[in-house]
Amino acid sequence: MSERFVEQVGQLARRSVVRTARQPANIVFPLVFPLLLLAVNSSGLQSATHLPGFPTDSYLAFALAVPFMQGALFATMNAGTDLARDIQTGFLNRLALTPMRGVALLAGQLGGVMAMTAVQAAVWIIAGLILGVHFAAGAGGIAVIFAFSLLIGLGFGALGAFLALRTGSGEAVQGMFPVFFVFLFISSMAMPRNLIEIKWFQTAATLNPVSYLIEGIRSLIVIGWDAEALALGFGTALLIAAIAVSLATFSLRTRLTRS
Amino acid sequence: MRTLSVAEGVAWRVLHNVFTNPSLLIPSLIFPLFFFTAFAGGLSRIDQVPGFDYPPGYTAFQFVFVLLQSAAFGGVFTGFGIARDFESGFGRRLLLSAPHRTGIVLGYVAAALVRWLLTAAVVTAVALLVGMQVGGGAVDLVGLYTLAVCLNLAATLWAAGIALRLRTMQAGPVMQMPVFLLLFFAPVYVPLALLQGWIHNVATYNPLTRVLEAGRGFLAGSPTEVGLAFAVTAALVVGFSMWALRGLRSAERAG
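Heads up: the sequence lines are chains A and B, in that order. Taking this note's numbering, the leading residue of the first sequence gets 2, the next gets one more, and so forth. Taking this note's numbering, the leading residue of the second sequence gets 870, the next gets one more, and so forth.
For reference, chain A alone in the conformation it holds in the complex (with noise of 0.2 Å):
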């Protein structure tokens, strides 16, 4: 890797970064609404943890696992909608004109997001800890929660990139913003998989890859080392960002031959 590439990428990871801080609600909306709706849902759902199976008596501590998730929603839409704008307002034109690298540009574009997930992810733990929650894994597993956020940031950031590079539209990107909310909600966000009584409602939370990267998570804390959902969890988000980088990638060179 040369030295002129690592330079390019931080120029553009730092302007993406300073772009997303000029942005008050871009910062904000995302780190205070997942807080939100878990003070709310681990308080309502307090009493779920009496059904017999659960597997902790703390549900602040079993939802605590979906603001990870909430951040990477977000840092989908984000990007792909900053990438989007790029596209819009001919700045990815005029940067093809430079001697820069395609790929720097994707690659900062995805460092800036990860450097939001990391904040993010920094804000979760911290809240959890200050609300009383006990990481069952102990500090090695926040350690591993940290980085498999920064995972998660990177897979769903790259398929924001991809959706804004094919459509080159803001508005096509945010017009994602539900299906993604679909993944979220219809998964074991609010119920372990076990318990979820409803038949296609249980079939479709397995399918979903999204119940995989929140049981990664939520095993840490509630559980402890399990070595098969950290294996499904980091599998399917290796998985996924390695399918949405690669997606990413074809659509950007695509994008730049069209430019």
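For the record, the hints were derived by calculation from the structure and aren't laboratory data. Note that this is a predicted model, so its numbers are computed, not measured. Some clues are possibly wrong.
[What the hints assert, rightly or not] Residues from chain B shown here face chain A by an in silico Cβ test under 10 Å; the list is partial:
# : residue
1 : P925
2 : V1059
3 : V1071
Just so you know, even glycine gets a beta-carbon here, dropped at the ideal spot from N, CA and C.
Take the given structure of chain A and dock chain B to it, following the hints.
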């Protein structure tokens, strides 16, 4: 009479825009169904929590929340439209051309109601198709839907007041967030008695808790807190009517 003709014109335009534009129509239909599926489907085992006592079952329990939520958010979505009209300059032209400007607010309110009636019909049909049990009779159901209509009116007037004062789409979160908080600080997932900690205290004093409990009572056929629920919704409609009309005056002053 002139007020009514202005209201009719405004309402027709809003409804024409909504029903001919899928990006405006579909979210207001899809989101309530989506919440209904996620809550009633994913959390159905909650009815086995010790102390949960709602005879028609968890699907009906969540249906009432989703119906009232769709009524409130139907009003908020119309508020977005008002803000868009004023941001684009159409609202100013409307102020210039309307002989009786109160009709403008009335028109938006009527459009919000018609728009929500379609959502309510779809949500109800889906709930019945998936086997929702209804314990209440015709009078009870009229009570439930009347409460929802009142909530729709109150939410539209609230959002209209904001939209007419700020006259920008950026006011969206200001319209949406308080409604969202009021709804979710009520007993959404379990009855009030099963809530614990701070949320129990907040829900106890949240006026929408009375509306939600009364709605669930109607659907179960055992009405409860009816007087209080209607008093709350009537107070909200009257209070936010004044709020919206003062917002109209604010828009007039801004020119």
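Against the structure, the hints:
1. P925: violated, 16 Å
2. V1059: The hint holds - V1059(B) has a Cβ within 10 Å of chain A, the shortest such distance being about 5 Å.
3. V1071: holds, 9 Å
The structure fails to meet hint 1 from the earlier list, while all remaining hints are met.
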